[in-house]
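> All chains, please: the whole structure from these sequences, using the hints.
Here's the letter readout for the chains.
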Amino acid sequence: MSHSSVVIGKSRPAASSERAEQKRVMMQTKAGDGALRVPAGYGHVVGVDIGASNLRVALADMNGTMLGKWSASTKETSSPAMVIEQIHTGVESLLEQACLPWGSLLAVAAGAPGITDADAGVVVATSYLRGWKDVPLQSLLRAALGVPAAVENDVRMAAIGENWRGAARGVADFVFLAIGTGIAAGVFANGRLIHGADFAAGEIGYMHVPGTPEEAAQDGAPGSLESVIGGEGLRQQWLRCCTETGVAVSRGLSATEILERARAGDELAAGILHRSAKILAYAVYNISLVLNCKLFVLGGGVGMSEPLRDCTRHFLEQFNEPVRPKLTISSLGQDAQLIGAIRLAMNKAEARIGVKVGG
Amino acid sequence: MTRGIETEAEGVVVDRTMTKERVLVGRPPLLRQTNAQILLRLLRETGPCSKADLVRASGLSAPSVTNVVAHLALAGLVEPIGEGDSTGGRPPDILRFRAERGCVGAVEIGPDFLRFLLADLDGREIGKAMIPLERPSSAPPEVCHQIREAVRDLLRHQHHTEEQLLGLVVGVPAIVNVREGVVRALSALKGWNNVPLGEMLAKDFKCPVTIENDTNLAAQGEYYRGAAKGEKDFVFITIGEGVGAGIFVNGSLYHGSQWTAGEIGYLRVPSVSREHPAIHKYGKIEKLLGAPGILKSWQSDRRRSPTHPKVKCAADVFDLAAAGNAEAKRLLRQRANLLADIVLDLALVLNPSVILLGGEVGNHPRLLQEVEELLKGSEYPIVRVGLSALGSSAVLWGAIHTALDPALLRLLQPSDSLA
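Chains as they are written, first to last, in our numbering: chain A, 1 to 359; chain B, 1 to 419.
Source of the hints: derived by calculation from the structure; they are not laboratory data. Backbone N, C-alpha and C fix where the C-beta goes; we use that ideal spot for every residue, glycine too. Nothing false has been slipped in among the hints.
Straight line, CA to CA, 20 Å or less: simulated DMTMM-like cross-link-like pairs of lysine to aspartate or glutamate:
hint: 1; chain 1: A; residue 1: K69; chain 2: A; residue 2: E92
hint: 2; chain 1: B; residue 1: K203; chain 2: B; residue 2: E142
hint: 3; chain 1: B; residue 1: K229; chain 2: A; residue 2: D198
hint: 4; chain 1: B; residue 1: K203; chain 2: B; residue 2: D153
hint: 5; chain 1: B; residue 1: K232; chain 2: A; residue 2: D119
hint: 6; chain 1: B; residue 1: K310; chain 2: B; residue 2: E360
hint: 7; chain 1: B; residue 1: K51; chain 2: B; residue 2: E83
hint: 8; chain 1: B; residue 1: K287; chain 2: A; residue 2: E321
hint: 9; chain 1: B; residue 1: K284; chain 2: A; residue 2: E317
hint: 10; chain 1: B; residue 1: K128; chain 2: B; residue 2: E163
hint: 11; chain 1: B; residue 1: K232; chain 2: A; residue 2: D198
hint: 12; chain 1: B; residue 1: K376; chain 2: A; residue 2: D198
hint: 13; chain 1: B; residue 1: K206; chain 2: B; residue 2: E162
hint: 14; chain 1: B; residue 1: K329; chain 2: B; residue 2: D319
hint: 15; chain 1: B; residue 1: K284; chain 2: A; residue 2: E321
hint: 16; chain 1: B; residue 1: K232; chain 2: A; residue 2: D117
hint: 17; chain 1: B; residue 1: K329; chain 2: B; residue 2: E372
Only some residues are given here: those of chain A computed to face chain B with a beta carbon under 10 Å:
hint: 18; residue: L193
hint: 19; residue: K294
hint: 20; residue: V323
Quick look at the structure:
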């Protein structure tokens with residue numbers, strides 16, 4: 001099969017002249033290993049992060065260099081049609097800012113906060129966005145933007161990002177642990193994402209480890225692990241402590257603020273940090289046993305907390321087991337999802353034009 | 001494309017180019033090999049048929065089929081068996097797969113036995129054997145000697161030459177570096193630390209020898225011909241003397257970054273912390289859940305109340321529970337709790353379509369029933385749990401199927417690359 005054969009949806013003369021052009025630019029950038037490469041400016045991709053409260057869109061060239069970011073709130077506009085419209089607006093404004101025509105767009109990829117069937121391109125279920133169910137996000141995006149689209153669960157998207165340009169760069173086996181309101185894991189095994197039979201691999205919020213609550217959670221309530229480590233769980237524990245001890249001040253602290261307080265020497269906060277870190281250490285240890293995985297990348301609002309990482313490390317050392325996984329904080333932070341989406345969109349673009357691209 | 005693999009100080013294997021997929025270029029030899037595999041599979045699945053049938057079923061062109069069949073005949077893998085019924089013209093030649101062209105061997109090193117299975121290229125049994133192992137004095141060279149003699153005997157009995165043995169796969173109850181054929185540590189036997197078993201056995205056989213963890217092989221067996229047929233993501237848990245799991249991800253066995261994926265005997269779960277806090281000091285729930293642990297619990301109960309019936313093995317205790325013995329029921333419930341915790345962890349991390357239970361203890365229907373009941377009470381819509389279909393022969397069959405595909409592939413390779 002020839003490398004430069006795939007140009008879809010164009011008239012034959014247009015396609016063949018485009019092909020000639022493509023061949024010309026690529027021949028100029030033939031790399032040392034003989035592989036053809038697309039110059040960064042040949043086309044562009046869009047990465048989208050659909051969050052519970054924010055929508056973020058990023059435009060990048062084919063080196064994966066971000067050219068611009070755009071964001072909007074999804075609080076008022078949570079229906080799929082409205083979110084798609086927002087994405088369209090975002091892409092339009094980003095292209096305009098970069099003085100690029102629509103035609104330079106090659107592909108788009110979006111991460112969604114819920115169970116996502118990456119093969120079929122469908123968001124199966126999410127407890128955010130007012131409960132999307134079976135939303136064919138991939139075909140909606142393709143229809144709205146006119147380019148090939150890919151979708152993935154947001155945590156796995158962040159794992160792709162960390163694997164490409166973050167704390168797990170090039171590591172074939174690692175776990176990305178996203179700890180925000182809840183907790184979930186994106187798992188790379190042999191250099192590929194694990195999705196599981198129903199695209200629910202890594203949904204560890206209901207995991208039981210020593211110290212997690214024993215009674216079954218109510219329908220819709222956070223799972224046992226989530227209720228201890230998740231941001232909401234941390235705040236609830238803090239509120240309970242405040243009430244029990246009669247401390248009325250600073251009841252409204254955020255989870256990260258509570259963890260920072262623990263580091264500053266606040267005993268109440270330190271108690272919460274210890275309990276959470278110990279349970280997180282059990283979870284990390286168990287997952288590392290099952291998968292034989294040595295690297296854990298911590299992300300998300302709570303996961304990025306240094307006191308939590310340090311305290312969890314301490315407990316992992318105390319277990320004194322031969323298996324001692326390495327904990328490291330995400331180096332991409334909030335951008336992990338967006339960067340993962342850009343990488344996935346670049347893969348899509350590569351498939352479309354039939355060549356490998358830089359980055 | 002160059003693939004740069006390097007190892008960092010902490011042993012994290014780094015593959016700098018792993019996000020890019022290797023582009024396979026369809027050169028003629030590779031295409032012919034792929035087509036040959038397609039035709040072989042058709043012949044194996046449907047039985048003898050004509051070239052025209054192969055053209056229809058494979059979608060390949062008639063000249064391609066003729067070309068590939070000639071290649072297969074040259075490799076001794078197909079032969080004409082006479083003429084079929086004519087539909088008007090010249091009666092077609094009927095072709096068959098020559099499963100007897102060669103054979104593959106499976107060896108299982110157990111705690112106190114060696115088991116052998118020989119199968120033809122269609123994966124049909126042609127012979128088996130079992131000999132006792134004198135534990136714990138069986139040093140690696142002695143075991144190798146026993147394996148060599150037993151496999152030779154088996155081949156001779158089945159009138160096969162040693163040249164016909166195209167692959168040998170050995171299952172070991174230990175962590176195994178499969179790529180290098182090294183057995184890390186085998187606790188049941190003495191002197192089995194970092195044994196280059198693959199290398200040792202390769203001297204005795206003319207065919208490639210592969211060493212693999214026994215639980216992983218059992219999972220392979222269930223995948224190819226047991227209870228996990230067609231399941232791309234599943235877990236096989238074995239509970240016998242020890243506890244372990246074989247993990248299938250994306251349609252293939254997952255070994256982890258240092259060959260220890262599925263070492264669930266060391267998990268930390270709430271039911272153990274609650275009832276046996278001291279256990280975690282040894283880091284082993286295996287000691288509770290394995291057959292010796294169950295027997296030990298039962299014996300110590302018996303010492304307290306001598307009216308307890310005597311048992312010979314762990315499964316007997318579960319049989320007593322099934323018959324209504326209150327003490328046995330309590331013990332069963334406790335173990336089921338522990339197993340349910342393990343199943344839940346595996347299900348949440350891996351989201352398998354099924355978790356199979358096997359091994360002397362794991363394969364007991366009463367244990368499965370208890371675990372299913374406990375899982376029903378959990379808050380999360382949980383995984384299907386089932387029993388192993390192959391029982392004690394799962395390891396051997398997994399070894400046979402591990403050996404088969406590479407053996408066929410080697411026969412299909414152009415002869416110049418065989419050298």
